[in-house]
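Asks: Spelled out, the chains give:
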Amino acid sequence: MKILVAVKRAIDYNVKARPKSDGSGVDLANVKMSMNPFDEIAVEEAIRLQEAGKAGEIVAVSVGPAACQETLRTAMAMGADRGILVQTDDEVQPLAVAKLLKALVDKEQPGLVILGKQAIDDDSNQTGQMLAGLLGWGQGTFAAKVEIGDGTASVKREVDGGIQTLTVKLPLVVTADLRLNEPRYVKLPNIMKAKKKPLDTVTPADLGVDITPRIKLVKVSEPPARAGGVKVADVNELVAKLRNEAKVI
Amino acid sequence: MEREAMEFDVVIVGGGPSGLACAIRLRQLAAEQGRELSVCVLEKGSEVGAHILSGAVLEPRALNELMPDWKEKGAPLNTPVTDDRFLFLTETRAVRLPTPPTMHNHGNYIVSLGNVCRWLAQQAEAAGVDIYPGFAASEVLYHEDGSVKGVATGDMGRAKDGSEGPNFAPGMELHAKQTVFAEGCRGSLTKTLFERFRLRDGVEPQVYGLGIKELWEVQPDRHHLGRVTHTVGWPMDTATYGGSFCYHLEDNLVVIGFVVGLNYTNPYLSPFEEMQRFKTHPAIRDTFEGARRVSYGARAISAGGFQSIPKMTFPGGLLIGDTAGLLNVPKIKGSHTAMKSGMTAAEAIFELLRAEDEPGKEAVDYPHRLKNTWLWDELYRVRNIKPSFHWGLWPAMAYSALDSYVFRGKAPWTLHHHPDHESLKPAAQCKEIVYPKPDGVLTFDRLSSVFLSNTNHEEDQPCHLTLKDDTVPTRLNLAVYAGPEQRYCPAGVYEFVTEAGEQKLRINAQNCVHCKTCDIKDPSQNINWVTPEGGGGPNYPNM
Ligand SMILES: Cc1cc2nc3c(=O)[nH]c(=O)nc-3n(C[C@H](O)[C@H](O)[C@H](O)COP(=O)(O)OP(=O)(O)OC[C@H]3O[C@@H](n4cnc5c(N)ncnc54)[C@H](O)[C@@H]3O)c2cc1C
Ligand code: SF4
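Chains as they are written, first to last, in numbering that gives the first Met the number 0: chain U, 0 to 248; chain F, 0 to 542.
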């Protein structure tokens with residue numbers, strides 16, 4: 000079974016995101032970018048399935064500018080076998096990414112697609128679900144454990160009340176949650192080897208997908224500064240403040 | 000422990016201007032002469048540039064020599080210096096002084112050295128250099144005959160107590176015919192080489208400054224593209240070496256920084272708070288009206304100059320850039336000299352390997368070559384300016400003028416240094432300094448500042464700030480010097496806390512910005528800074 004893993008190049012989790020002064024977006028100039036952490040978990044899961052003999056080739060896919068090649072090389076240094084970059088400098092929203100991935104699934108015919116549950120830059124949490132919808136496949140989102148059986152997979156999900164276990168038919172879309180696994184460290188010789196693994200580049204037009212944004216971004220701004228806390232004398236004052244000032248009860 | 004090994008012709012430790020220039024020059028020579036030559040650069044930052052903190056006004060001299068077509072290749076040198084000011088500050092006033100000859104910046108550019116390094120890394124990769132960011136060189140490896148064999152990268156995934164965690168990955172050995180140490184100021188491996196090969200015998204001790212820097216986005220009407228301002232005087236007393244730099248970059252960005260000589264004597268002095276206080280000066284604060292601070296960081300800088308340059312070669316390797324102290328001190332410029340030393344070393348290594356293509360040889364030709372370049376002449380001429388500051392600001396200014404204008408740096412004497420860790424006086428002999436509280440608009444506390452350096456270290460790993468003796472922090476540092484590490488560390492890593500009625504030093508290693516000040520200033524040299532897991536440390540954008 001072939002596995003397709005989607006990896007996004009996103010602002011590094013250590014970096015404090017800062018809106019541009021004109022509010023048109025987050026300032027990314029010379030800011031450290033890396034693979035979205037949930038996508039790292041997705042790649043790791045694919046590799047573990049391969050190591051366990053449950054999967055064949057692992058194909059990593061990224062959508063975005065040329066710099067996403069780095070992200071694909073990281074996925075390949077971790078253990079993915081080859082990479083596909085859908086190259087575009089335009090904005091790509093979740094629906095467009097899902098359509099691009101669908102086009103690649105049609106071409107590559109994987110038995111399993113693994114994505115991160117969301118990307119830490121826009122936190123949309125939509126691509127996996129949309130992809131499953133477009134493909135008409137089953138989905139196991141927020142996966143905390145994945146087991147591949149014969150023609151089906153069992154996916155454990157962390158839901159509000161506890162752990163939910165789904166049995167889903169293959170082919171399947173899985174989105175990775177934080178506790179699915181802990182990604183491995185990339186080893187130096189593997190980075191070198193990854194440089195020699197195949198990396199194909201296609202464009203949205205090659206795949207016949209229109210990526211025109213459907214949603215308009217109005218403004219990006221800092222959250223309002225948090226006002227300092229106050230000490231209240233008793234419950235009555237607390238209730239009064241919650242009702243009259245905070246207006247939450 | 001068995002570790003995997005990889006072989007290269009040249010391994011370079013550190014992806015700063017010196018290491019990258021060296022790597023590029025090596026590949027250029029190899030291409031020109033049609034030779035195979037494998038070159039690898041290790042960088043402890045998560046990416047090249049992540050750990051680079053500089054002013055920076057860049058003299059393009061070395062870059063012109065390395066890549067005359069840097070403009071076409073898109074080097075981020077966008078802002079020529081247009082206006083050069085030198086101010087003397089009193090608490091309330093600013094007096095404009097004639098700009099000293101060593102400070103003239105005509106033809107230079109205001110840059111982010113981190114971005115220049117990001118660009119140099121791209122050029123190096125295009126030239127066939129293997130660059131590995133996120134890997135710290137944590138150990139020097141030796142052949143049986145004592146020559147340097149290469150370096151090992153640190154283990155990944157060790158727990159705090161040193162045990163192997165679930166994702167443990169052992170370090171790698173990188174073997175090379177020549178290993179180049181380009182670690183920048185106070186390199187942690189260089190320190191071990193100084194001892195092993197006695198490289199500092201017969202030279203003056205290295206002395207340092209700590210530079211603290213902030214990047215601000217200012218209102219357009221406060222921005223003067225290309226302006227360079229340096230100040231001396233307030234808030235330093237005249238006995239302490241220190242001064243500021245302020246550069247107006249593109250995109251309404253302004254850099255403001257303060258350098259304090261680490262030979263200061265009062266343990267109550269806090270370089271961080273001096274920097275905060277400095278910004279409130281009437282001649283300075285205006286620029287930051289309505290502005291937004293976007294980044295913060297700190298880094299030590301070598302200030303010993305010419306007389307502190309160690310022996311730079313040993314069997315199997317050599318030193319380049321600021322780890323060898325190759326910096327023009329009165330100019331506080333070291334990136335052009337770092338690059339030039341890297342290029343010169345590359346040429347020496349290339350010739351050496353052409354004659355004797357085997358490991359463990361000594362590139363003795365490198366210092367000779369360096370002595371015949373403009374770099375050596377430049378460093379020699381300014382050698383007496385910094386040490387003259389031992390006499391206090393005014394005599395030093397007078398001396399510097401005499402030295403620069405009359406002797407033109409060729410005075411027939413050379414002044415001496417004392418190591419920085421010996422300079423602190425016991426707290427009992429000093430006056431406590433009360434610093435103003437931060438206002439959260441122009442001045443800040445340490446933690447909100449460190450936040451902007453994007454610093455992080457994987458939490459569960461052995462502490463990289465190692466103490467030779469656990470009792471020294473309270474027994475000596477706190478008892479005699481009132482705990483100076485709480486004040487000199489610009490990242491708030493060291494904290495004295497009371498636990499069960501006893502005072503204890505707490506080390507918040509996760510916050511460390513790798514400035515190396517503690518390794519330099521600890522009074523009994525009890526703190527040894529070693530590399531943490533690769534990729535840890537600051538993630539400076541545009542610094
Ligand atoms: C506040 C300040 C202001 C300055 N202003 C100017 C200026 O205006 N103009 C100017 O020309 N110069 C200036 N300098 C000096 C200049 O920044 C340095 O001289 C220059 O950066 C030295 O280059 P380098 O390559 O030797 O070291 P660095 O630039 O320090 O680079 C060393 C690199 O090696 C990496 N490294 C270190 N140890 C290891 C290890 N063990 N394993 C892996 N990687 C490692 C580091 O992470 C770093 O990336 C300033 C310096 C400071 C601190
Ligand atoms: S712990 Fe040492 S090296 Fe780290 S920031 Fe503090 S003084 Fe600098």
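Simulated from the structure, these hints should not be mistaken for lab results. Some hints here could point you the wrong way.
Cut-off 35 Å, straight-line C-alpha distance, at most; resulting in silico cross-link-like pairs (DSBU-like, lysine-lysine) [claimed, not checked]:
1) F:LYS436 <-> U:LYS186
2) U:LYS192 <-> F:LYS70
3) U:LYS192 <-> F:LYS360
Asks: A separate judgement is required for each hint: does it hold in the structure or not?
Replies: Here is what the structure says about each hint:
Of the supplied pair hints, the one linking LYS436 (chain F) and LYS186 (chain U) is violated, its CA atoms being roughly 47 Å apart against a limit of 35 Å. For the proposed pair LYS192 (chain U) and LYS70 (chain F), the alpha carbon gap of about 33 Å is at most 35 Å, so the pair holds. Distance check on the hinted pair: LYS192 (chain U) and LYS360 (chain F) sit about 30 Å apart at the alpha-carbon level, within 35 Å; holds.
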